[in-house]
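Going by the working numbering, the sequence shown opens with residue 1320, and the numbers climb by one from there.
Heads up, some of the hints might be wrong.
[To be verified] Cβ-Cβ distance ranges computed for the label pairs, FRET-style:
1. 1441 / 1709: 34 to 40 Å
2. 1388 / 1487: 19 to 25 Å
3. 1972 / 1473: 53 to 59 Å
4. 1512 / 1972: 16 to 22 Å
5. 1489 / 1384: 25 to 31 Å
6. 1434 / 1364: 57 to 63 Å
Read the hints as simulated data drawn from the structure, not as lab findings.
Using N, Cα and C, we set each Cβ at its ideal position, and we do this for glycine too.
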Amino acid sequence: MISLTPSRLPLGLWTTRSNSPQDPAADVLLRFCYFAIAEDFEGGLASSTMLVYFSAVRGLSTPNGNEYLQPHRFTPILARLIYCSRLVFLEAVLPHFSRIYGGIARPPRHGLLRRLNAARREYMCDGTLSPMGEFLSLLSYGNALRRSQGSTFRFHWSDDGEVLSWNGNQRLSMVDFRGLACKVLRSVTASCSRLMYDWEPTHLDLSLIRDNLSTTTPGYSFVSDPVNQLTDAYPELLLRACISPVDGLLQEQGQNQSTRDAKAARAYLEAHDDHLKGLIVLCNFDGGQCARITELLTLECFNTASRERGIGLWGAKMCSITRHHRARLATNNEFYVIRFFSKPVSRLMFQYLVYIRPVAISILRECFHIEHTNALLFSPLSQVGQKPTPWTASTFTKELRRHCSAATGIPFGIGVQMYRQISIAITERHVHAAVARFNRFGDTTGTAGHEVAYAWQSGHRPMQRHTTYGLDGAYPDHLQPALLRAYERVSASWQNFLWGCDKSGEPRSIPIEADRAQLNYASTHHSLTLSQKRPFISDLEESPSNNKRLRLIPDLSSVRGTMSTEAIAQPSSEESLVIGIEEDVNSFTCDYMSRPSPEGDDKAAEPISDDAPLRIGPFVHVVELNLVICLDCKTAILARQVKAHLVDPLHRQHLTLKERRNISNQILEILNILKDTDDLQHWKFPPPEAEPVPYLEPPLHNGLGCNSCRYIGRDLRRIREHYRQEHSDVLERAHV
1320 MISLTPSRLP LGLWTTRSNS PQDPAADVLL RFCYFAIAED FEGGLASSTM
1370 LVYFSAVRGL STPNGNEYLQ PHRFTPILAR LIYCSRLVFL EAVLPHFSRI
1420 YGGIARPPRH GLLRRLNAAR REYMCDGTLS PMGEFLSLLS YGNALRRSQG
1470 STFRFHWSDD GEVLSWNGNQ RLSMVDFRGL ACKVLRSVTA SCSRLMYDWE
1520 PTHLDLSLIR DNLSTTTPGY SFVSDPVNQL TDAYPELLLR ACISPVDGLL
1570 QEQGQNQSTR DAKAARAYLE AHDDHLKGLI VLCNFDGGQC ARITELLTLE
1620 CFNTASRERG IGLWGAKMCS ITRHHRARLA TNNEFYVIRF FSKPVSRLMF
1670 QYLVYIRPVA ISILRECFHI EHTNALLFSP LSQVGQKPTP WTASTFTKEL
1720 RRHCSAATGI PFGIGVQMYR QISIAITERH VHAAVARFNR FGDTTGTAGH
1770 EVAYAWQSGH RPMQRHTTYG LDGAYPDHLQ PALLRAYERV SASWQNFLWG
1820 CDKSGEPRSI PIEADRAQLN YASTHHSLTL SQKRPFISDL EESPSNNKRL
1870 RLIPDLSSVR GTMSTEAIAQ PSSEESLVIG IEEDVNSFTC DYMSRPSPEG
1920 DDKAAEPISD DAPLRIGPFV HVVELNLVIC LDCKTAILAR QVKAHLVDPL
1970 HRQHLTLKER RNISNQILEI LNILKDTDDL QHWKFPPPEA EPVPYLEPPL
2020 HNGLGCNSCR YIGRDLRRIR EHYRQEHSDV LERAHV
């Protein structure tokens, strides 16, 4: 028998209160676990112990068990066994109260360290004849073997460096890789627009936002900084969410009365979580080298009592700040890893932190009486009424594979580990190879720059100067401006490869395959039927919120055969039809359709032919509807919203301020053009049997209209539910 000493209980397994009632099952389990940890080898064989034998079984591959796991897969199992064994050992050696059923007496209050070391040297050190000694030896050997084996995947590049291959038959072209990143950006931008209810707040220059990265006050972030005045920015979005005619958070209860709609509130929280998942993928695409998901999931929005926040703003760009890294295992140090986001992604992150997240937290508080105080950035909010489950790496993998399956030319099965390897391979080939190599601390060679004289003037060598006043020459563990600039240059190099950013930081047009993205704007051979769409009517006519885009919704009953070749042809059910529409919409990429920019009033409004509609910049005038439609965005725009619409980066990077102003003025001068939402109230919607507008794409999210009343819903499920509740007599007559 092994004599056990009392112990303090592990957190979450047993309680640590001295006056807690005895638990016979817990005492017996603790005694059994300690026996397994302290079991002696029989004949000097480690496999004779139960715990080592169990670890060997865990090292077999599943499901057949006909081979051993590779070191990179088995070492995490050993690490978990070591961690749990240490907890049980502390529980058994240093108890907090006596355990009668386990034969454990409470030790004296003094001499605890001497008691611990006596047992530790016998059972817990490397080189001892105990399961823990065997685990430590195997872990050290496994780590060394893993480093000698190199990367898990063996990549091969084509001669032109544009196609990456692995596993013999898996190929990824750089065009498809950029297209995937662009598709993710499109998807996240669309989900952000849905959560913002298509409201575009007044454009803020991020360079004017103050963010003191050195402030460690609990609760501080750039959102709560009083100079920025952003804490009261979200109520306007909350008001729009409440009064929106489509999926509003309030439902009418008689005249001039309304109540909170719990179903709509829950739907908004679910949409928030979906947007946040897409934002994780986008941040990993945009920030440079792929971060480990465990690092991203620990980022916090604001300072807490024990940790500094992991999201900040520096140099008019949002950035993520990680204060722990895997390299600390080799150096016993922690250092800063910073990933800067491009300007479009920075704006998305800014809108989420300032508007969307506070609104979601307000919905939790007002509708479900839940006070959310969690500072984690990437954490779900829709788990109302159930035990909160944090996100893991599998959450990112599922979201990434969802985007990959919707893209063209992307191999199946790319997950977290695979994407990390791909991003590193691309960096070494296309980004790292393009950067000139230099020694910034060298001042004795011919390649040394004149700036080394600044270090000499201060009486330092460059290494000493950077260590004291800027970068640590041995390890980047000081968050100094020099370190921020270094990470910013690295992120900018990656973003220049991925997006082709110009000097202002805005993405240029991305070279996507023309056959996949080009649309025939002049084609009239469509058979889409228009369905009724209720416009969003706002009382705030002078605000930027008037940039509500009108989309004409196709009737699902006659949409067959009109989608592109990527959509599902001839669907046999409404569900497959909706999937086909979504796939067709997602097939659009964010490349800009190149065309000559308007240089004057006479060129901007030049028609293509006598019968062709009037073209004004990127817009075409549809006389029958008295509307202008943006050919690049496939969206109908009201005349007074044109100026705000052209601020979008898709147009701003190709049109100067004067050109955008000229286009807006010319459209306002068109006779009988629909100018604002007041004109829409008297506008007659096209009947369902009308021919479709050839320039509009299928709707993304603005809803489907009921042909029997003026109800609109965001998807087919809501329309069906509406019919069952409000038009059951129509369904009964249809069955008769």
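Violating hint indices (sorted, rising) | Hints 3 and 6 are the ones this structure does not satisfy, whereas the remaining hints hold.
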